[in-house]
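There are 2 protein chains.
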Amino acid sequence: MRAIEKRIELLKAVAHPVRIRILEELTKGVKCVSDMEEFLEISQPNISQHLSLLRHYGVIDYYVDGRLRCYFLKDPIVPDLIELLRKDYLKELPAPACCPVTKKGRYPGERRR
Amino acid sequence: MRAIEKRIELLKAVAHPVRIRILEELTKGVKCVSDMEEFLEISQPNISQHLSLLRHYGVIDYYVDGRLRCYFLKDPIVPDLIELLRKDYLKELPAPACCPVTKKGRYPGERRR
DNA sequence: TAGAAATATAAGAATATTTGAATATATTTA
DNA sequence: TAAATATATTCAAATATTCTTATATTTCTA
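Residue numbers (my numbering), protein chains in the order written: chain Z, 1 to 113; chain R, 1 to 113.
Don't take every hint at face value.
In silico lysine to aspartate or glutamate, EDC-like type, Cα no more than 20 Å apart, as pairs [as the list claims (entries may be wrong)]:
no., chain 1, residue 1, chain 2, residue 2
1, Z, LYS28, R, GLU92
2, R, LYS12, Z, ASP88
3, Z, LYS28, Z, ASP80
4, R, LYS28, R, GLU9
5, R, LYS87, Z, GLU9
6, R, LYS74, R, GLU24
7, Z, LYS12, R, ASP80
8, R, LYS12, R, ASP80
9, Z, LYS87, R, GLU5
If you are wondering where the hints come from, they were derived from the structure by calculation, not from laboratory data.
Make a model of the complete structure from these sequences and hints.
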C-alpha cells in the first residue's frame with residue numbers, strides 16, 4: 001500500500017468523535033480503560049472496541065500494569081493532527097480571482113484542451 | 001454542533017482515496033469534472049457524487065463556466081492537512097519512559113485513584 | 001482458592017457509506 | 001431547434017461501521 005493510503009486509513013480511524021476524544025486525552029498522558037470511562041459516556045465494551053480499532057491502525061498502543069491496560073499514543077502525527085483540527089482559520093480560501101462563484105465566463109488559462 | 005465536531009465531519013469527508021486525490025489536484029488549481037475524469041479511474045457519475053459530498057461539507061465549491069463546472073478548494077485546512085499527511089515522521093512517539101510495552105509494573109504518577 | 005475487578009471478545013441489529021446503472025438537466029453548437 | 005457535450009440526480013444493491021448485549025479472560029485480593 002502506498003504511504004498516502006496508509007495515512008488515509010489512519011484518517012478514517014481517527015475521524016470519529018469518541019476516538020478523537022480518546023486521542024485528545026492521550027496527548028495529555030497515559031490512560032487506562034477505566035480512566036476513560038470517566039470522561040466518555042459510552043459503555044465499557046464500546047470503549048474497548050474503539051481502543052482496539054485505534055491500536056489496529058497503529059495509532060496507539062498499551063502496556064500492561066496488573067489488571068490495567070495503560071494506553072498511550074504511538075503515531076507521532078496525532079498531536080499535530082489534533083492541533084490542526086483546533087486551528088482557527090480566519091477566512092476561506094479566496095475563490096480564484098476574476099471568477100466569482102457561479103458567474104459565467106472563462107477563467108483565463110484554465111480552459112479545457 | 002461544536003467546532004471540533006465540524007472538523008471531525010470534515011475529516012470523514014476527506015478520508016477517502018478518491019476524495020483525497022481530488023483535493024490534491026485542486027491544491028494545484030481549478031479543475032472541471034472532465035479534467036478529473038483524466039486522472040480518476042472511476043465513472044463520471046461517481047466523480048460527481050464525491051464532488052457533491054465534498055461540497056456539502058464545505059470543503060470545495062465551484063463556479064460555472066459555460067457547460068463546465070470549475071471546482072476549487074474552499075476550506076483552508078485542506079492544503080495544511082494534505083501536507084501533514086505527506087510529512088515523514090522519522091520515529092514513533094517514545095513509549096512512556098520506564099514502562100516498556102507489556103512489561104508489568106506501575107507507572108509512577110499515573111496510578112489510578 | 002473463590003470472588004471481584006478490569007478489560008476484551010463475539011454476535012447481531014441498526015445504520016451509514018459506497019458504487020453502479022439509468023436517467024435527467026443545462027449549455028453550446030450545428 | 002435538434003443534437004452533442006458536460007455534469008448531476010436518483011435509486012438500489014453491496015459493503016462497512018457502530019453500538020448493544022452477553023460472555024470470556026486475566027489478574028488481584030481476601
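Checked hints:
As the CA atoms of LYS28/Z and GLU92/R are separated by approximately 17 Å, the hinted pair is consistent with the 20 Å bound. In summary, the hint linking LYS12/R to ASP88/Z is supported, as the alpha carbons are separated by about 19 Å, within the 20 Å threshold. This hinted pair checks out: LYS28/Z and ASP80/Z have alpha carbons roughly 13 Å apart, not beyond 20 Å. For the hint linking LYS28/R to GLU9/R, the alpha-carbon distance of about 24 Å lies beyond 20 Å, and the restraint is violated.
Note on LYS87/R and GLU9/Z: the hinted pairing holds, with a Cα-Cα distance of about 15 Å set against a maximum of 20 Å. Only pairs whose Cα atoms come within 20 Å are accepted, and LYS74/R paired with GLU24/R is accepted, the gap being roughly 13 Å. For the given pair, LYS12/Z sits about 17 Å from ASP80/R by alpha-carbon distance, which is consistent with the 20 Å threshold. For the hint linking LYS12/R to ASP80/R, the alpha-carbon distance of about 16 Å falls within 20 Å, and the restraint holds.
At roughly 13 Å between alpha-carbon atoms, LYS87/Z and GLU5/R fall within 20 Å of each other, so this suggested pair holds.
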